[in-house]
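Enquirer: If you want the building blocks of each chain, they are given just below.
Protein chains: 4
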Amino acid sequence: MRQFRNDYSEGAAPQILQALVDTNYEQTVGYTDGDPHCEHARELIRQAVGRDDVDVEFCIGGTSTNVIGVTGMLRDWEGVICTKDGHINVHETGAIAATGRTVLPTQDADGFLSPDEAEKVYQFQMSTGRHMTRPAMIYITNATEFGGVWTKAKFDAICDWARSHELRIFLDGARLASALTSEGNDLSLRHIAERVDAFYLGGTKNGMLFGEAMVIADPRLKESFPFLQKERGGLMAKGRLLGVQFEAAFEQPADGSEVLYWKLARQANACAIRLRDGMVKLGFPVYLPSTSNQQFFVVEPAVADAFEKAVGTETFAVLPDGKRAIRFVCSWATKPEDVDELLDFAKMLA
Amino acid sequence: MRQFRNDYSEGAAPQILQALVDTNYEQTVGYTDGDPHCEHARELIRQAVGRDDVDVEFCIGGTSTNVIGVTGMLRDWEGVICTKDGHINVHETGAIAATGRTVLPTQDADGFLSPDEAEKVYQFQMSTGRHMTRPAMIYITNATEFGGVWTKAKFDAICDWARSHELRIFLDGARLASALTSEGNDLSLRHIAERVDAFYLGGTKNGMLFGEAMVIADPRLKESFPFLQKERGGLMAKGRLLGVQFEAAFEQPADGSEVLYWKLARQANACAIRLRDGMVKLGFPVYLPSTSNQQFFVVEPAVADAFEKAVGTETFAVLPDGKRAIRFVCSWATKPEDVDELLDFAKMLA
Amino acid sequence: MRQFRNDYSEGAAPQILQALVDTNYEQTVGYTDGDPHCEHARELIRQAVGRDDVDVEFCIGGTSTNVIGVTGMLRDWEGVICTKDGHINVHETGAIAATGRTVLPTQDADGFLSPDEAEKVYQFQMSTGRHMTRPAMIYITNATEFGGVWTKAKFDAICDWARSHELRIFLDGARLASALTSEGNDLSLRHIAERVDAFYLGGTKNGMLFGEAMVIADPRLKESFPFLQKERGGLMAKGRLLGVQFEAAFEQPADGSEVLYWKLARQANACAIRLRDGMVKLGFPVYLPSTSNQQFFVVEPAVADAFEKAVGTETFAVLPDGKRAIRFVCSWATKPEDVDELLDFAKMLA
Amino acid sequence: MRQFRNDYSEGAAPQILQALVDTNYEQTVGYTDGDPHCEHARELIRQAVGRDDVDVEFCIGGTSTNVIGVTGMLRDWEGVICTKDGHINVHETGAIAATGRTVLPTQDADGFLSPDEAEKVYQFQMSTGRHMTRPAMIYITNATEFGGVWTKAKFDAICDWARSHELRIFLDGARLASALTSEGNDLSLRHIAERVDAFYLGGTKNGMLFGEAMVIADPRLKESFPFLQKERGGLMAKGRLLGVQFEAAFEQPADGSEVLYWKLARQANACAIRLRDGMVKLGFPVYLPSTSNQQFFVVEPAVADAFEKAVGTETFAVLPDGKRAIRFVCSWATKPEDVDELLDFAKMLA
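Protein chains in written order, with our numbering: chain D, 1 to 350; chain X, 1001 to 1350; chain H, 2001 to 2350; chain E, 3001 to 3350.
Treat the hints as calculated values from the structure; they're not laboratory data.
Keep in mind the model is a prediction, meaning the values are calculated, not measured.
Note that beta-carbon positions come from the ideal geometry of N, C-alpha and C, so glycine has one too.
Treat the hints loosely; a few may be bogus.
[Claimed, not checked] The calculated label-pair distances, taken between Cβ atoms and stated as ranges, are:
(1) D:Gly129 <-> X:Gly1184: 32 to 38 Å
(2) E:Glu3251 <-> X:Leu1282: 43 to 49 Å
(3) H:Glu2119 <-> E:Met3126: 49 to 55 Å
(4) X:Ser1188 <-> D:Val318: 35 to 41 Å
(5) E:Pro3285 <-> X:Glu1043: 40 to 46 Å
(6) E:Met3126 <-> D:Pro36: 22 to 28 Å
(7) H:Gly2034 <-> D:Glu251: 52 to 58 Å
(8) H:Glu2300 <-> X:Gly1129: 55 to 61 Å
(9) E:Asp3052 <-> X:Asp1052: 55 to 61 Å
[To be verified] Below, simulated DSBU-like cross-link-like pairs (lysine-lysine); rule was C-alpha separation at most 35 Å, straight line:
(10) X:Lys1281 <-> D:Lys84
(11) X:Lys1120 <-> D:Lys154
(12) H:Lys2120 <-> E:Lys3120
(13) X:Lys1222 <-> E:Lys3309
(14) X:Lys1222 <-> H:Lys2084
(15) D:Lys84 <-> X:Lys1152
(16) H:Lys2120 <-> E:Lys3084
(17) H:Lys2222 <-> D:Lys309
(18) E:Lys3309 <-> H:Lys2152
(19) X:Lys1222 <-> H:Lys2120
(20) H:Lys2154 <-> E:Lys3120
(21) X:Lys1309 <-> D:Lys120
(22) H:Lys2222 <-> X:Lys1120
(23) E:Lys3084 <-> H:Lys2084
Just chain D, with the same shape it has in the complex (with noise of 0.2 Å):
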C-alpha cells in the first residue's frame, strides 16, 4: 500500500526531474551566484509575489532556512516569538539556539500564533529590561505544524500586531504552497509578500528533490543573507540544481495554465481532502481542522500502530485520555486510488 508518511517520501515531480536531465551538461559558475537558472527562477518568483524589490535566495531544506532568517535578523540578545508547538522551538535540535539566539514560546495550542498569548510572552520579556532576552520577531508558518491554513483576518491580525510592535516578521512556508492552493483559502501570495519581511516558498515538501526559495525584503537579512548561508554550512556548490527546480515550478505553461508549483500542491490538497472526507465518513475523529495536505485523527493507540504499519503514519501527540492524534500526509505523488486503497484498509480499523 502507498505510504502516508511524509510529503517528502518521494524524488521529484517528473517534470522538475527532466529540468535537472535536460540542463545537466551546462557548466555555471557555483553557489547561486550569478547562473542564468537562478536568476530567471528569481525573476520568476519576484513576479509572482509581485514586488521587484525583494530579494530571493535559495537554501538546500527547511532547518537551514529557519536558521539564516532568524539569525539575520535577531541580534545576540534578542528572541523570536512562536507557538510552542512551532518547528524551531521543538523539531530543530536546539538549532536556533546553536546559534545564540532564544526562541521564546507562546501556550497557542493550535499551532496558529494569536496576539494575545504572543502579547503575554511579550510583555512578559519586557518586564525585567536587560535581564531577560528581547523579543524582537515572530515566526509563523503556513500551513501549521497541524496543516492549518491562516485565514487573511487572522494573518492579518498577528501582523499587525507584531507591527505595533515593532518586532519582525518570518513566514516558514515549508507547506505554504498547500496552503495557499487549499479550499476556501482567502490569502495570497502577494499579499504574504506585503506584509512579512521574509518568507520562504518551500520546494522539498513540494515535489522538488530539496530546496527552498527564500523572500526578503528585510534590508538587514538582505546584507546578511549571502555570508550567513555560507557561514551556517546552508551554500550549495551547485546552486543551479536550485535554479532550474523553481524555473521549472514557476515557469508559465505555454497552455496558460497554472505554473506546476500550485497544481503539485492542488493534487495532493485534493487527496488530502478525500482522505480526510473518507475518514470522518468512517467515523475518525479529525484531531484539528485541516484542508491543506496533513490531515490528523484521533485514533485508539491500537489503530495508530496499525497506521503506522501499514501506511508509515506518525502519532503526533498522545491525547490525555490516552488516545493519539496520528498524521496522514499526501503529496504531489499521491494518487486517488492511494486514498481510496487506504480508506479500504481504514474500514477495518474504523
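Once you have looked at the hints, place chains X, H and E on chain D.
Expert: Structure of chains X, H and E alone, referenced to chain D:
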C-alpha cells in the same frame, strides 16, 4: 527606611571586607591559580562539603557560574531541564542559548522541579530521535526563585529521577546558605555534595562583595572548567579576592562557633522570618511558603506600589485577579529594628 | 569553449543521474535514517574502506561536513590545527568560529600540514595554560587546496605526530577521489580509514549532484553526529538522494571493472595531466606541483584575465612580483578535446 | 623580594579600597543601573573624555569587556582585524570565536596594527565575496601587549585607514592609564574619544580591585551593551562597586592635583623607567622599546629562569637563537626601592 529590595544592596559583611583590607598588599599570582588564599579556601570548602575528590573553583557571579557549569556538562545538542521560572530560563537574557545550548522548561509553577513534570519534558524530547534537543542535565535552585527550601525527600526524589535517566545534576546555590540554615531544613551540605555533579555556594547574596564557589564532582566539568571560565569571560585577574573572601567565610572561628558563611545567612533568615510573621499577622497573605531570606506576599497593585516606593520591593508575578506577588528580601545587613520599622509602615497599608 | 573554473560546474555524471531517475517514485523514510539506499551505500562504503566498525553518514556539502566533524570532535575551548590556507580557515566565512570553536593556522604554505609547523602552533598554544585555546585536532585535506596529493610517508608522519600529541585527525576528502587515483599515489583508502578519526569521500566534486560520505571511527563523533547534523541544518529531508548517489558510485559493475567513484576521478585526472603537460610545454610555470584534477600556473595579470574571461579560471594567489597563481580544474565531464581546445587558446597567450 | 610578575598582583590602591569601605553600608539598586556612584562616575568620565554623548558602562574585566565590545559591533559573519599577538587572538582561549565571530590577525610583530598589514588582510578577506569573513572592525591596544605606546601620528594613521574602509575601531585600554601618562606620550584621552567607536579605561591593572570603564560612541553598541553584558555573564550584581572605584579614581582632589587614575599610572611608569634604565645600564638588551609599565628584555634561558624564580617574570617569546624575551611589570604598588633591590639582584645575572 531600610530597603528590602535585594540581598545584594550592600557591600560586604565587615569581616569579609576586613580580610580584603588585611591582605591588600600581599602579592599573589593571578586568576585563582595557586595563590595561598584560593588554595586555603578550596581546602576549607572541601572539608565543609565532606569530599576531598571535588574541584573547587571560584566564579564572579551567578550568571557566569551557571553558564560555565551548563556549558561544561552539555554537548552542543544537549539540553538542560529546569522549571519555567528557573533563573537560566527567564532572568539571564538567553545566556545558555548564547552558548548554543537549549533550556527545556517544565510546567512546575512553585519553583521546585518535580519528577512528574520533568518526566513529561523528557518523554517529549525523546520522542523523535535526533530531531529534538536531547535532555542531558537538570538544573535546580536552593533556595528556589520563590524562597522555597528543598526538603531532603524532595531533593532525593528529583536526584533519583535524574540518575535513573542518566541526567547530570546541577544545583544553583546563589542562596544556598539561606536555604541550609533555614528553620526546619533537613538537607545537609554534605548530602548535596554527595548527590549532585556540580553546585555552588553563593557569596554575592551572602555577605561577599561578589563571588561564588563551584564544587565540581563531574570529571567532564572538572577538565573543562578552567578553560571555559577564561573563554566565557568569567576569570578574575585578581583571583585571590575570591579566595580571601571564601577563606574568611569558611575559616573556623577561634571560639569554636559556627563559620561566618552560615552565621550571615542565619541573621538574614531570622529577619526574614520576623518579617514574614509580622506581615502575616497584619493579614498579608503569603504567595508561596518560604523559610528563607526571601518572602513573597500577595497585595493589591496600589499596595505593591507603596511598598516599592518605600522599601524597593519588586513585583514577581501579576496574578489572574490583578493582584501582585511582591518580594521582600533580607540580608546579612538587615537588622531586627529595620524589620520592625517596615512592619510599622506595613500596618498603614494592611 | 569549455570552462575550467571548477569541478562543480556541471550537474551529475549520467550514471548517477540515472540512478536518481530510476528510484524517483520509490517511497522511503526520510533523513538517511534507515532507507534501503542509504543502508546499502553505507555497506558498500564500509567494504571499500575495509572497516565494519565505522559509521557512514551522508552530508549535503563540504562546509556543512567540516562544521559537523569539527564540532563533534572539539569541546568549546578546544581548537583545530590546519594550514593557513586550509579551507576551514579562509573559505568558509568563519563557519568554525560560528560554532564557537577556534581554528589554529600554521605557517605551512604548500597546503600540506607539516609536523614541524604544527609543533610550533602546538607549543605556543600550550604555553600559558587555560589562557589559550587548547589544540585537540588536526585538519588536513587530500588533495590539498593546491591540488597536492599526500604521499603515504607524509601522511603517516603527520598522523604519527598528531597521535603522539593526543590530537584527533580529520581529513577533508572533498577531492579525495582525485587524490587517490592520481598518478604515483601510494596512499590507500584503507590506510586512511585505519588512521584517521573521521574523513569524507567527496561526491559534489566527483560527479554527484551534491553529497559527501563521512566515515567516522571516533566514538564521540559517532554519538554526536546525528544530532549535530540536524542542529547545524545539514540534514536532508529526502536523505535517500544521498544514498542513491553513493550506491551508484560504489556499486561493483557487473563487468568486474572499477567502481564509478574512482572511474570518474581518473577521467578528471587524465584531463588535468594532459592540461598540465600541455601548459608546461607552452612554457607556463607550475605554481605548486599537482597530480590531481586541479592545476595551478603562474602567469602575468593580463594573461590571468584572458584565461578567466575565456575559461573561468580564478586567481588563487597574487605573488610578491605581481604575477598570479591561477587555477584550472578538470572534472568527470571534461573531455580530452576540451583540454586540447584550451591549449590551442593558451598557445596564443604563452 | 618584591615580585614584578604583573600589575594585578596586589589588591587595590588604598584610596580605592577606602572608598569601598566608606560606602559599604549604603544600599543601592544593583547592576550599575542607576545607583548614585555609577551615575557620578559616568559623569566624571564623560568630562574626562570630553564628550557628553557617549555611554559609559562598567565591566568586570578585560576579556569580558573585549567580548561584549566585539559582539556588539560585529554581525555573525563579520570579523575583527588585529595584530597576531593581539590579546583577543591569543590570550583569551578563543573568547571571540566562542561568540561566533572571527579574529583576523595581521603579521604585525611589534604590537602595533599597521595600515599596510591591515590592508593585506582586508584585501585578502574581500577577495572571494561571501566565502570569507567580512572585516568590519579593528582592535588595537594602548599600551600594546609589549608595552609600546601609540603616538598620535601612528594612531591617526590606523584610524584614518579604518575609516576609509568603513571599519569600526575598538581600543583595548587595559593599560591605557600607563600609556597616556608615559614619557613622551602625545596622544590625549580626548583625541582617542573623538576617534574610536568604543574603548575602555582599565581599572584592574591600574589600582582597582577589578573593573574597566567602557566608553561607547557607536550607536549599535550603545543599544546592545546592556543586554549583551548580562547575556555574556559580565554584569555584576553589586554594580556600585565599579561606580565607587571609578568615582574615587576620577574625582578631582580638593588640592587641585591630578586625579588618582593618572597618579597611580605615573607611579608605575616611573618605577618601570627606573627599572628599564637600570637594566640597560647593566647590559640587558631591550626586546621592544617601551615607555610604559611593562618592560621586556632579551636574556639567556638560565637568566630567564633565575628572574622568574626571584621576581616572577614570565617569558613572552622564545627567539630564534634560543634566547628569551621576559617581562617585568611595575604597578601603582611598586616602590623605587623595590626596583633598586631588583637591580641589585640583576647585577649578579648580568
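Enquirer: Could you run down the list of hints and mark each one as holding or not?
Expert: So, going through the hints one by one against the coordinates:
1. D:Gly129 <-> X:Gly1184: 32 to 38 Å: holds (35 Å)
2. E:Glu3251 <-> X:Leu1282: 43 to 49 Å: holds (44 Å)
3. H:Glu2119 <-> E:Met3126: 49 to 55 Å: violated (33 Å)
4. X:Ser1188 <-> D:Val318: 35 to 41 Å: holds (40 Å)
5. E:Pro3285 <-> X:Glu1043: 40 to 46 Å: holds (44 Å)
6. E:Met3126 <-> D:Pro36: 22 to 28 Å: Since the Cβ atoms of Met3126 of chain E and Pro36 of chain D sit about 26 Å apart, the hinted range of 22 to 28 Å holds.
7. H:Gly2034 <-> D:Glu251: 52 to 58 Å: violated (36 Å)
8. H:Glu2300 <-> X:Gly1129: 55 to 61 Å: This hint holds: roughly 57 Å between Cβ atoms.
9. E:Asp3052 <-> X:Asp1052: 55 to 61 Å: holds (56 Å)
10. X:Lys1281 <-> D:Lys84: This hinted pair is violated, its Cα atoms lying about 42 Å apart.
11. X:Lys1120 <-> D:Lys154: Given pair Lys1120 of chain X, Lys154 of chain D holds - Cα atoms ~31 Å apart, limit 35 Å.
12. H:Lys2120 <-> E:Lys3120: Holds - the C-alpha atoms of Lys3120 of chain E and Lys2120 of chain H are around 24 Å apart, at most 35 Å.
13. X:Lys1222 <-> E:Lys3309: holds (29 Å)
14. X:Lys1222 <-> H:Lys2084: holds (32 Å)
15. D:Lys84 <-> X:Lys1152: holds (34 Å)
16. H:Lys2120 <-> E:Lys3084: holds (15 Å)
17. H:Lys2222 <-> D:Lys309: holds (29 Å)
18. E:Lys3309 <-> H:Lys2152: Violated, at about 46 Å.
19. X:Lys1222 <-> H:Lys2120: holds (28 Å)
20. H:Lys2154 <-> E:Lys3120: holds (32 Å)
21. X:Lys1309 <-> D:Lys120: holds (26 Å)
22. H:Lys2222 <-> X:Lys1120: Distance ~28 Å between Lys2222 of chain H and Lys1120 of chain X Cα, so the pair holds.
23. E:Lys3084 <-> H:Lys2084: holds (13 Å)
Consistency note: the structure conflicts with the earlier hints numbered 3, 7, 10, 18.
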